[in-house]
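Same order as they appear, the protein sequences are chains A and B. Using the numbering used here, you'd call the opening residue of the first sequence number 1 and step up by one each time. Using the numbering used here, you'd call the opening residue of the second sequence number 466 and step up by one each time.
Simulated from the structure, these hints should not be mistaken for lab results. Possibly wrong hints are sitting among the right ones.
Within a straight-line C-alpha distance of at most 35 Å, the following computed DSBU-like cross-link-like pairs (lysine-lysine) qualify [to be verified]:
id: 1; chain 1: B; residue 1: Lys836; chain 2: A; residue 2: Lys221
id: 2; chain 1: A; residue 1: Lys438; chain 2: A; residue 2: Lys104
id: 3; chain 1: A; residue 1: Lys80; chain 2: B; residue 2: Lys791
id: 4; chain 1: A; residue 1: Lys76; chain 2: B; residue 2: Lys794
id: 5; chain 1: B; residue 1: Lys817; chain 2: A; residue 2: Lys80
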Amino acid sequence: MDSPIFPCGRISRRSFLHQAGGGFFGVAMGALWAEAGEIQDAVHGPHFPARAKSVISLFMCGGVSHIDTFDPKDNKWAGKLIDAVGFGDNNAEMRRPVIACRRKFTRHGQSGTPVSDWFPHVGGVIDEVAVVRSMWCHEGNHFPAVIETCTGHRGRAFDHPTFGSWVSYSLGTANKNLPTFVNLGRASSPVQLTGGYLGAGVAATPFQPGETPIPNLKPPKGGTSAERDRQMQTLQELNREFREHHAIESDIAARAGAYELAARMQLAAPEVVDLSGEPQHVRELYGIGEPATDDFGRQLLLARRLSEKGVRFVQVCHAGGGNGGWDAHGDIETHGPLCRATDKPIAGLIRDLKQRGLLDETLIVWSSEFGRSPWSQNTTGRDHNPRGYTAWMAGGGVKGGVVHGATDDVGYRAVESPHYYSDLHATILHQLGLDYQKMEIPVLGRTMRLVEKEEGKGPIRAILS
Amino acid sequence: MRLTVRWMACFVALLPLLAGAADDVAEDLWVLKPVVRPLVSAKRSMTSNPIDAFIAEGYKAGGLKPVGQADKLTLLRRVTVDLVGLPPTIEEQEAFLHDESPDAYEKVVDRLLGSEQHGVRYGRHWLDILRYADVDERMVAAPGIHYWRDWVIRALNDDLPYDQFVRAQLTGYRSATRTQMSAIGVRSRVEARPDDQFALGFLARGAVIRDGKDSREFSIVAVETVSTAFMGLTVGCAKCHDHMYDPIKQRDFYAMKALFDPLVLRKLTLATAAEVVAAGRAVDEVDRKRAAIEEPLEVLLALYRARLRDDRIAMLPADVQPVIRKPEKDRTAAEQKIADDYFPVLRIDTGKIEEIMSAADRRQYKDLQGKLSQLGDRRRPSLPAFWTVEVDPKKEQEKSYVLTSGDPDRPELKHEVAPGWPFAPAGVQFREGRVEAFSDWLTAPENPMFARVAVNRLWQWHFGNALHKTPSDFGNLSGSPSNPRLLDWLAAEFTSRGFRMKEIHRLIVTSDVYKLTSEVDQKRSATEIAADPENEHLWHFPLRRLEAEPIWDAVFFAAKDLDTTIGGPSFEVGGRRDGRGPARRAAFMIRGYTTSRDVVPNFLQAFDVDDGRAPCPVRTRTVTAPQALFLMNSNVIDGEAAKFAERLKRESGGDLGAAVDLGYRVTVARPPSRSERDVALAYLQGDASRLKGLAWLLFNLDEFLYAR
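Okay, chain B solo, but in the shape it has when bound (with noise of 0.2 Å):
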């Protein structure tokens, strides 16, 4: 595949050299460079897993020697939280401890990998990068949008292969054959699988009412998101200008939005034909009866009306009184500007019509309102229903311009854009639809930037930093990875092993280097401090602090409190359960914005959580002291320890040695060392109704908040 700039047809004879200047950058551009899978040493290959060759590259050439392996239970803890989102429990601890077989290791690997728990985990992480949210201002597709995120975890728990992962969210279909020839020689569309309709909430995300407007950013954000997610490129930054950095022309941008214009939104109702049925029949009984009330009510409200529309007629300047009197059909295109205009001025609250009326009628009216709000809601009864997106013929027909700043209204008609995208090949074909000619060119095995994303946030989510530091952005000014080869390499066996994420999960936590531990000693490492002090080559495996969600997982789960069910609405804090919500993972807690209230709860606000209006490829880790009053004063905490306590109690037999040796296992995954029980047991007193202030001090721990 030519990686090369290439111009739409009607813009290349105006552009020549620009085109030329832009061709010798996108070289440049080492991500755009073909992947060359590496030899991985002859040596090493033999013995270990071949990413511990190209780690050790990375040691030799900086001089470092690593740290020892980690302890059984520390990585048993650590590939669990990482894999699953979840601590070891008590069995598993056990199970693992007492396998002597030289697969114990792998075989928990195989175990959380095969968990559904594994895509609630792992499906946080993309939903972080495709800017999931449950609310944006009026998303049109809120109310259904559970749907989508909760395909992204089945994917993945399916081990959907990378490619139609994303094909599906883009297009509607896994597979790149959407057509097919029937024997009489006619084409017709493949039947998508059903469910993959929800991956479409993806995109269907980006239509937003801002300010009670059609926002119009549908595409817009669709390019941004799309070009960070998937392509590791930030085309958002040429939507005003041409990109500073990159060779991504504005031209781009718009080339690459047309690819979304002629997509419109269509609304799925989720419900068997009964249901159907007999919601419209509901529909029915509700109307009949708020008829025979409305009836008389309306006749009441008339007369008092139409005397209020007078007196404010009158009230207006005399040349357009008779404009208004006029019946709506016989004005002109001009007169019926004016009325709506006045529209507002003439407009009739019950307010003001109750206080002008009699005595009588007021009590008539009010009985007639009370009946009317005894029959329940006005809404329509709802039925479940998923927001889907299409392409809509007409808009297909439609031009796509430049917009000046990204304003939808400031098209620049003389800057008309064809459907496209940045570094495309000539001569694209979108015969089988525009989105479909991209996704094919996306997802395709030669298309070196698909893979190397893709395994650099596969790398960041085990240790916290990816190889290329900016996930998404491989851009020019964003440096170049700390260890080339070793990516190079991830994405050759990523694509040769068809793009299935599991097999690339299993290849990096059965390295040498993600076993290390995140101990350091100083003396001993005192070269590696100083020659590689941000642990850039791995000699050590880096400490850190857990994101919101397992930290929340885990604090229900030492209570024995916490609800595993996957998928539907978002919770919110708050309200039930003396304001902790329920207990269920974190992963479901509602994120969002509003400009009416806030949406992201205090919790996930404290511990770094974006509200998904942006695609957040790194979430920043502070350490901050919010999150320290949340973990000393807050009622989640309070509750919990309590009912950890009584776990503790329950299952200790009131034995505090046995309790303080559970409270340590379940919490941190390991015994405490023998000073820990013994502060631990000095802070008991021999008291057992103490139990709830150790699962307070268990819950503080900085171990209990890191990964390590």
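Only chain A is shown next, with the shape it has when bound in the complex (with noise of 0.2 Å):
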């Protein structure tokens, strides 16, 4: 591929293939509204057979305690003052308590994977999961880690691309009428969201919960649909003498067809946002109805009709907004609405896409941006944990029933098999049939990747089937 050296510091895919064919149309729409298959191509395209078609992305703005949830261990640390290091208190060293654990946990399935009785529907379904608990990053504070664990790389010294941009921008979307890359709930950072220097058409498109999940996507109250309609035919008309004197600028043609897009999407979109058409018992696996997990449940309903429809990305962020909502420095017992809102939805999608078959060709990824510690700031709280945590995979041609890595003893560091979070991006690349050690681009310059050599070993091999 070329180097695409302009503007410095700002590639955009689309402004390159725009400008560089002095805009040809369909292109000039970029990757957001670009037709199947047209953005592959011999650098980024699948570089080999993929296992999952789509990602679902479930993070939990704020960080989740992993020794509540999915990395049990035992107590007799309890109460004893350990070495720590105060990641929520300027990195101060320092000596902490360990606090008790006060969850119980269950081998759930055949697996018997150990689950704790906060995400019980989880443990229902816990053969389908890999459970990862050996992740660290290197930011303990929440926007540094989150922009780390988003975009693979700490500050932002350079446009880094989030990871959903990364996708979106390799293998183009599967809907026309869809964006590639969609944004459910309240992130933590603009971050979360951004294209970076692939550019503002393979960033995340936000669907914003009720009627109007885009800006501008229903036409203004008081109007007719007929009336538009003949709005519409009357501005071809009236379009057409100006696209006649200027037929041989591909600009013109691009806008009847931005047009004709913006209409399919304002069918597609409210379409594919109305859940009223989901079937009784399909609402109730999501915890739709019930008072508690009915938002997220609707989100993740959403998510999988958006996945269904081609949409390559969905990032649903939980809880977002400040520093999140599982930020447990007060008292840990904050995790337990949180984890009631999101266990039987999440167990619901799991199930969902399996009964529809579409488990295997969907990538469902569960993580935050740390952990937290075991031990507290003189509160029945944890602080923040990037040393060691946990994020699982579900789904998209992982291994279920699989737990990988392991922190010491008390759950602060990794120790067995870690990973850094990249190594993450890498599996879930490797799942889409993409190369992390491809996915390079030049920019001001300098090779920018997504996954960067030097922390990470690439796809977490141990877990895929």
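Join the two chains into one complex using the hints; note that each chain is given alone, in its own frame.
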């Protein structure tokens, strides 16, 4: 691939293709709205047969305690002082007391993977899940860690795109009526949505809850669709002379396309967000209608519908905004309601995909910017912990009922098969048929990649079937 | 001037071979070669604009025949939108149509260049390059940054010569004379023009606090912005390693960074003496009232706080407890470190105190809290302020180093750098200051890159594409300009005309090539379409989509709802006016970036406006579905369509034919063709209440969004 040198520091596939060819129609609309397959090329197309067609990434904002969910520890250290790092306190080194885990863990399924009583429903589908207990990253505070885990890089010295944008950039969409990369729920940071140097065209399109998932999707009140049809027809007639006089301009042809697409979106997007046609037993699976789970259940059902319709990457942020709802410094019990809100919908999503035969081609990822510490800050809560924590995956060619890696006795450091967060990225790319080592793009005379070579080891092969 | 790479004296010994090699490469970089004023072929220059002589050379070389001239109204809309960013009014259209004098067009151009809206339009172009933003995490200078934006607008309106425009933003001085000799032989600094302090917002904008810490990117972004904006060189690429393609070493980057290292921000309060005094009194007043409540409140809390603190200390390791109990002044440095580490653990929030209070005390506490909050904001009354930069003499004594990967925490102590810049001449004197020495070199008439880079941008803003395609990168990989002789002639002209930008604008927009039509007859121009499909040689006027700002402005302008006030803080969209925001020109719409919320309004994002974090030399111009959705469905369009319809009804006196006519002239500055008129009238069905639908149609016309 040519080295797009313009503008220095910003490269977008959209602008590159657009400007390199003086603007050719179709691509001019960007990957966001590109036709299926159009975006594939020798460098970034699938490098080998894909196991998964799409990804649903469930991101728990604020840092979930692995110790109280998927990485049980006995309480023999409880109450004892250990050498600690105050990640939430300017990384001060000090001795802090380990606090007891009050959860009860049960071995579930045929695999017998232990899951805490905060996630009983996920426990019910644990044979589909590969738990990685040895994730780690560098950053110990929320924004930096969110940036690190979503872009694969620390800091914003370069305009690194978020992970979903890489997928969107590489694979394009499989549905020309919908965006390639959709975000649901409130993110902790706009960085989780950014296309960065890959361009706005591959950035996440946030779908808002309610009837208008995309800005300006719905015509203003007071008009009728018959009237709008008439207007669109009249508009075409009024544009005719201008278009004839500027027939050689690809831009003008693209405008007609953009309006058609907008019209299709206007139909497709409300349809995809309309959950009313879903049968009751499916809605129940996601906990829709129950106060605790209704919100998240609707988001995950929408995630399934989007994914099913060909959206490559659906990112669902849970409890985002500020430091994130999972940030349980004061009292770990604040995890309780959050677990309740997400447990049944997540299990429902896995079951629903399974019963539709879609689980094999849909990769579900559950993660957080970091885990939580074994010790407290003199409260009943837990501090941040980037040194060792849990993420899990299901479907999309991942082995079910597997536990991989381990943290130390108290759940502080990843000690067995530690995986830098980029390995998670590499694994997801791998399942999508992408070789992380080939995903390179020259920007600023520098080779940019999602997965830097220094820390990562590549896909977590132990959990792949 | 010799254009060779010169290394700082201390390194010359180490790098003779390298420096020699770089010399050769530097000579190869064409932008560094002196501008030689090309001769204009005599035949044409007598009768027409010299620009057209150079354009004609391109036609001749390519065997191209240009299309004909645009008609009067098309030209009027083109030049009006170009120079002031607004469509021509009905009155302006009438006046131009009826002005039969040979210089009718030149009069229009002069009127537009004299309009204060010209600075708003071209200021926006420059601010893209200078990376203006209202918000960038916690930008130190953010509260008054718009004073810099407004300075730029005023400077362009005053036709401040470009060298002064640049010098003022780098040094606060327009002139290169900054010191004076008194009668008794004492040298002193000349007072700068007071309002030129605002020009330094350009540099101040770079001080940013990210994640609660000074990001220390100030001098790094200064290098990146200054080099791309004014030198057309991507010096920033050498931050982590020697430039891959251009003769710029990593050391050059850090030498240039050292120019800006001694600068610090200084807050200027923008108030009269009386206002400052009044603000002081107001502070006293609030303090007095607060003290009357805070004292009993503190007495109430102190006991509980002490109790909680004792409880917490008791939970700490045995060896830590005595350290914490010691008064601060008795602690050793090591003990103080321990105490600081435990500070967060011992911090007691009032919430915790509230939990253990007795009921009576809690009542009293709430009561006092209530009174305190009634006194209003804890913050001091804020006077308007602006952040400028100045040299910190202490920092000027500090050494500068190469930084590993550009990380301020990783200076390479073995690689000290002295102040300098790429292609600096030997023996630069920094007597008047580092940035001053640089700016004198940069803005000198002999510096070939300075004028070339500038006129190339001016050309770009008139034609959509620059003569040299990558206006912030004239480096080796960027190719060569489409018409190098024209670029050099413009550069020479710019320099000899004292860097007056308006003179170059006038030259360009009065050329024949600027007046060509954008319409192409595919049969007649088959040869040209085949030979130059990209219109590199400008055989027709390039049709282009308007940027976000003129589109926004034209919508409100059509509805006679546009507030053309210049300057002041940027506005946000949403909230007021049914989520439509104030009806101000979009140049004043907020842009910026933070990790915690979306700053750039959806409208700007949809129409390709960046957030101002990085310099944006060329906006991408996309055609997308979100743009169509904005024009079809947004409440901005809906609300303004209603107002536009009222205007059409009012001004046409209810005659629908006249309303259609007016609608076209307001939005696309021409009357409708017969068939357009018929289609529009058929749509209206003789019903004036359908005029809002017509307004919507006009806002959605291709032509409305394009400069043709």
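Going down the list of hints, with the structure as the test:
1. Distance check on the hinted pair: B:Lys836 and A:Lys221 sit about 46 Å apart at the alpha-carbon level, beyond 35 Å; violated.
2. Between A:Lys438 and A:Lys104, the direct Cα distance comes to roughly 44 Å. Violation of the 35 Å bound is thereby established for this hinted pair.
3. Between the alpha carbons of A:Lys80 and B:Lys791 the distance comes to roughly 25 Å, so the proposed pair stays at or under 35 Å and holds.
4. Distance restraint check for A:Lys76 and B:Lys794: the Cα-Cα separation of roughly 40 Å exceeds the 35 Å cut-off, and the hinted pair is therefore not satisfied.
5. Distance check on the hinted pair: B:Lys817 and A:Lys80 sit about 24 Å apart at the alpha-carbon level, within 35 Å; holds.
Of the numbered hints given earlier, the model fails hints 1, 2 and 4; all others are met.
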